[in-house]
Amino acid sequence: MRTPRSMKPPPDAPQDRNPGQPSDEAWRLADEREELHARKRRLILETAARAFARNGYHQTSIDRIASLLQVTKPTIYYYVKNKDEILFQIVQTALDDLDRKIAESQTDDFTARQRLKLFFWIYGRIINSDFGNCMALVSDNVLKPATRAELRRYKKEFELRVRRIIEAGLDDGTIPVKDPRLFTFALFGAFNWMPQWYSDDGRTNLDEIVEYFIEIFCPD
Numbered sequence: 001m002r003t004p005r006s007m008k009p010p011p012d013a014p015q016d017r018n019p020g021q022p023s024d025e026a027w028r029l030a031d032e033r034e035e036l037h038a039r040k041r042r043l044i045l046e047t048a049a050r051a052f053a054r055n056g057y058h059q060t061s062i063d064r065i066a067s068l069l070q071v072t073k074p075t076i077y078y079y080v081k082n083k084d085e086i087l088f089q090i091v092q093t094a095l096d097d098l099d100r101k102i103a104e105s106q107t108d109d110f111t112a113r114q115r116l117k118l119f120f121w122i123y124g125r126i127i128n129s130d131f132g133n134c135m136a137l138v139s140d141n142v143l144k145p146a147t148r149a150e151l152r153r154y155k156k157e158f159e160l161r162v163r164r165i166i167e168a169g170l171d172d173g174t175i176p177v178k179d180p181r182l183f184t185f186a187l188f189g190a191f192n193w194m195p196q197w198y199s200d201d202g203r204t205n206l207d208e209i210v211e212y213f214i215e216i217f218c219p220d
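Counting along the sequence shown from 1, when you hit position 183 you're at 183 in UniProt numbering, and nothing is skipped either side.
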């Protein structure tokens, strides 16, 4: 008796999967849920950032954030643990946005001066966003010691990055300053103060102000 020959399944036949392997549809739905979760979490952070900057950290409760979003307090706690985490995530998101936009714009052939100008061109916009306003106007002293220490380490990484750019500029001659450390403080000090006085309805727009600051500190 002849043994039946094995046959390949037709092209439209369902493919065998491991018992525990999710379907393509399950993956797609999981991705959509994850994206929706991230969008809702960011909306909470944006709303909290505006409230913290406008009314103060201690004056803004979780109840108030929930009210602004027209959701329940437990809904907020589904996405964040407490106000400490909210403020930390606001600052971290602002700096992550900065990091991402720099990576998208910078190329390997940039001089140190070009990298410094790009950094603060983007930073000038970030610091005047909802997240940046909150970062500049709300002191991290309101945080619990452990959270505050972690956040300051995160901020310090960006300060050190700028200082390394300036030091590279000393080496290639494009940033002729005497003290990279003090120059770094001066740059961040000038830009971080902008939310104290800048207004969208002022006579000078944000692009012009950022360009003016850059030309003061990094003239051609």
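Do not rely on the hints blindly, as some may be mistaken.
Pairs of lysine-lysine, DSSO-like flavour, derived with a Cα cap of 30 Å [what the hints assert, rightly or not]:
hint: 1; residue 1: K178; residue 2: K83
hint: 2; residue 1: K144; residue 2: K83
hint: 3; residue 1: K155; residue 2: K83
hint: 4; residue 1: K156; residue 2: K83
hint: 5; residue 1: K178; residue 2: K40
hint: 6; residue 1: K73; residue 2: K156
hint: 7; residue 1: K81; residue 2: K178
hint: 8; residue 1: K40; residue 2: K155
hint: 9; residue 1: K73; residue 2: K178
No lab work stands behind these hints: they were computed from the structure.
Hints versus structure:
Between K178 and K83 the alpha-carbon distance is near 41 Å, which puts this suggested pair outside the 30 Å criterion. With a C-alpha separation of about 10 Å, the suggested pairing of K144 with K83 holds against the 30 Å cut-off. Note on K155 and K83: the hinted pairing holds, with a Cα-Cα distance of about 19 Å set against a maximum of 30 Å. Under the criterion of a C-alpha separation no larger than 30 Å, the hint pairing K156 with K83 is consistent with the structure, at around 22 Å.
A distance of roughly 46 Å separates the Cα atoms of K178 and K40; the hinted pair therefore is violated under the 30 Å criterion. Restraint check for K73 and K156: not satisfied, since their Cα atoms lie roughly 33 Å apart, outside the 30 Å limit. Distance check on the hinted pair: K81 and K178 sit about 45 Å apart at the alpha-carbon level, beyond 30 Å; violated. Between K40 and K155 the alpha-carbon distance is near 25 Å, which keeps this suggested pair within the 30 Å criterion.
Distance hint between K73 and K178 is unfulfilled; the C-alpha atoms sit about 52 Å from each other, more than 30 Å.
Checked against the numbered hints given earlier, this structure breaks hints 1, 5, 6, 7, 9; the rest are met.
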